[in-house]
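Asks: Each chain, written out:
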Amino acid sequence: MEIRVARTCLAVASFSLLLGGSGCGSSPSSGPRPIDPTAFGAQFKIADNEIQGWTLNTAADSFWAGTDLVGGPGIDGAAATYTERGFRQGMFQYLSGPDPQTCTIEALDFGTADAATTMYVYAQANFISHSVAIPNYGSSTAIGGAAISGVTAYAHFGATYFEVGLSGLGDQTTSCTQCPLAQTFLDEFKKKSN
Amino acid sequence: MSEYSPPKRRDFLKTAAVGAAGAMGLSALKFERVFAQSSTGSAWVNGMQINPAIDNKRVVCCHDPKMLNNLPTSTSFSAQNAAVNATVVNANMDEMAMQLAQKATAAEAWSTIFRTGASKTWATTKVAIKTNGITPNNSSVNRVRVAIIKKIADVMVGFGVLPTNIILYDACDDPTPNYGTYVSASDATKIRAVVSARGASLGGLTPVTLVNWASGQGTCSCPADLVNGVVDILVDIAVCKMHDGTGGRYSYGSCTLCMKNHFGTFTDSTKSGHSDGLHVSAGSVSGGKNPDALFEINKHSAILGGNPVRQQLCIVDALLSNGTSGPGGPYDNRTDRIVMGTLAPMVDYLTANKILLNSAVMTSAQIPAAGQTAAATVLPQFLTSFGYTATDPNWLEYEASNPPAITAGTGGSGGSTGAGGSTGSTSAGGSTGSNSTTGAGGKGGSKAGGGSTTSNGGSTASNGGSTASNGGSTASNGGSTANNGGTIATGGADNGGTTAAGGAMGNGGTTFSGGSAGATGGAATSAPSETGGSPAAGGTSAESSTRANPTGGQTGTAETTGTTHGTSGGGCDIAGGDRSATRWGAMLAFGTVLAAKLRHLVSDDDKS
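For the protein sequence lines, the chains are A and B, in the order given.
So the mapping is simple: the working numbering equals the position in the first sequence, first residue as 1, plus 93.
So the mapping is simple: the working numbering equals the position in the second sequence, first residue as 1, plus 3.
Watch out, some of these pointers could steer you wrong.
[Claimed, not checked] One side of the interface only, derived from the structure: several residues of chain A facing chain B at Cβ under 7 Å: (1) GLY124; (2) ILE128; (3) ALA132; (4) GLY146; (5) LEU149; (6) ALA153; (7) ASP154; (8) PHE156; (9) THR160; (10) ASP169; (11) ALA171; (12) THR195; (13) THR197.
Just so you know, the hints here were simulated from the structure itself, not pulled from any lab data.
No experiment lies behind these values; they were computed from the predicted model shown.
Every residue gets a Cβ at the ideal spot worked out from N, C-alpha and C, and that includes glycine.
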């Protein structure tokens, strides 16, 4: 009886290890990642010059990791749009690039890939006026919203949803000169998601 | 920063004049209606006027691409401000105040818009300016530009308000990270004010009860100085942004403007950056109670209590606007506009409809279809909740290069028919007209009965420079001409008439031809209060025409009045006559008297 139990446990453990090592998604386990904003923030934070020329803005509040989407990154009244779709924890960063370029980043954990996809689909339908393609990404994974003030890239990798806002190169609605840079940021997040 | 140039002497004189005018206006306040001032609950009553001299329904919008030198080089707050041409903004806001208050000068306009309590001096007046200080420092959020806030602070300082009594606040968060470097109580190149971290400079936060505050969402609180009436003047300055409400359901009318701005006045005192009780609303995460919370807080006595009403001006900074990017996103439209009014729901309703939902204005990014659909349902409630209908709003949008003329309001009624003078007697001219209300000259003395024999010139005409005379002619509106002796009076303006040519040539009565050149009369500026045609002295020895009171309205269609009346009686009647005309008239009148006496003597001699 004990041997049978031990064999069963071993089998379960092995199966779990197999899943964990598959490299799919951001969660090594089958369930949502633990609520640990510090760890989440550390995983997705862009270090100074990790992308050449981009560093954390010197202003206060340039980095935040937490669960309070209202008061943290200041999403304020729009926070419920995310929380009702499963937001659990997140990271915000405000970066300065080659003058006068700036970048705001939101990496948000939705617990499951399905929930992150739902958020992405909502953003795609509601946050974008001029959609532009992000190089090397299909629109089911990432898309850009061009504006006269810059471009915001929306993407989802596994259970994590991203918004990357770039400004400083002028009107992006006629020509998205910052889309390749958006791709660079998304490439980093794709790596960090795995 | 380059956009803030030191005040020039002319600016100083202008603001000094504002202060003086404001002080003069104090005396009128004590007669104003006192509105509900309870420390909690609604202060709004349908039909209530925020400012007795300004229609709640009037909202002014100035369009001027010159207010931005260029698109900001990035979306950072510093870049947003660097792009603003503060000098142009300053001038445009003066003109907007004039359009809103319908006053001919900025000094008059600002002193009409802003009023302090009857027991207050400007030096003891406390002013709160609501901005949005939430979100991280210098990030990409579209927020109220410094030049607009600075203008309001400068107006207040011009009145005599102490910079330390001007509080720039967001009770929900600390605006210091974003605005701190732009504010100084002593540096005139900056916003002369104090930045309040939450309620710190406004007496702290004090609990208030709201029907639509969701239970379990912390403690609903408000700056104590607003609740207790320590703040005399509240100015609400929002930026032009769309807003997807709770869960993205657009429950705020798809916009966040002046009313939604006060989600940062009523806030959870236990947690910075939070007004969840309003955002969620009444415990329903579906947001089904909104926009009720929006209306409740904007009727609250903290906002609309006081005497005069605390919140006196609502401004939307629509230089840059958010059509798609939501309340926390960067601008996505260059709209080059500023909006101003006295009643927040009226300002918001019109701004949402005329700017945010107008694809001709929001050319770069529009509110998503779901938001537009929701707006069609929610926005009308902005009006109905305050007792208005869709036909009420009065949107005045203009190009800064071509502002509309300041149109005068209804003038006072003119004098009534004056009794004509009988021979040799004194006739009463038109009676005193009523006061005009908002600027136009009143209708002049209507008609004076003609004197039978002699006349004097027109009498003193008041409002609009009207003239009632004996000799019996029709005095036109706003400064016209009447004459006796049957002259031809041209001119006469209209309500508030400008330049009314006086009676040109008056043929006198039997004795001689009177009349002289008429002068320009009825020159008018706006006239808040004047009397109508005052009595015209008739009779034989009255003085000749005198100058029309140049306090009529400003514009008017010239009309020909001054019908020919009377067949006897000499003298001249010069409406709005100038001094030389008066001398001529006096001489002629004297001659008339002399002639009459001579006739009388001759007649007596004949009898004898």
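Asks: Each hint should be assessed against the structure and marked as holding or not.
Replies: For each hint, the structure was consulted:
{"no.": "1", "hint": "GLY124", "in the structure": "violated, 24 Å"}
{"no.": "2", "hint": "ILE128", "in the structure": "violated, 19 Å"}
{"no.": "3", "hint": "ALA132", "in the structure": "violated, 22 Å"}
{"no.": "4", "hint": "GLY146", "in the structure": "violated, 14 Å"}
{"no.": "5", "hint": "LEU149", "in the structure": "violated, 12 Å"}
{"no.": "6", "hint": "ALA153", "in the structure": "holds, 5 Å"}
{"no.": "7", "hint": "ASP154", "in the structure": "holds, 4 Å"}
{"no.": "8", "hint": "PHE156", "in the structure": "violated, 9 Å"}
{"no.": "9", "hint": "THR160", "in the structure": "violated, 13 Å"}
{"no.": "10", "hint": "ASP169", "in the structure": "holds, 5 Å"}
{"no.": "11", "hint": "ALA171", "in the structure": "holds, 5 Å"}
{"no.": "12", "hint": "THR195", "in the structure": "holds, 5 Å"}
{"no.": "13", "hint": "THR197", "in the structure": "holds, 5 Å"}
In this structure, the earlier hints numbered 1, 2, 3, 4, 5, 8 and 9 are contradicted, and the remaining ones agree with it.
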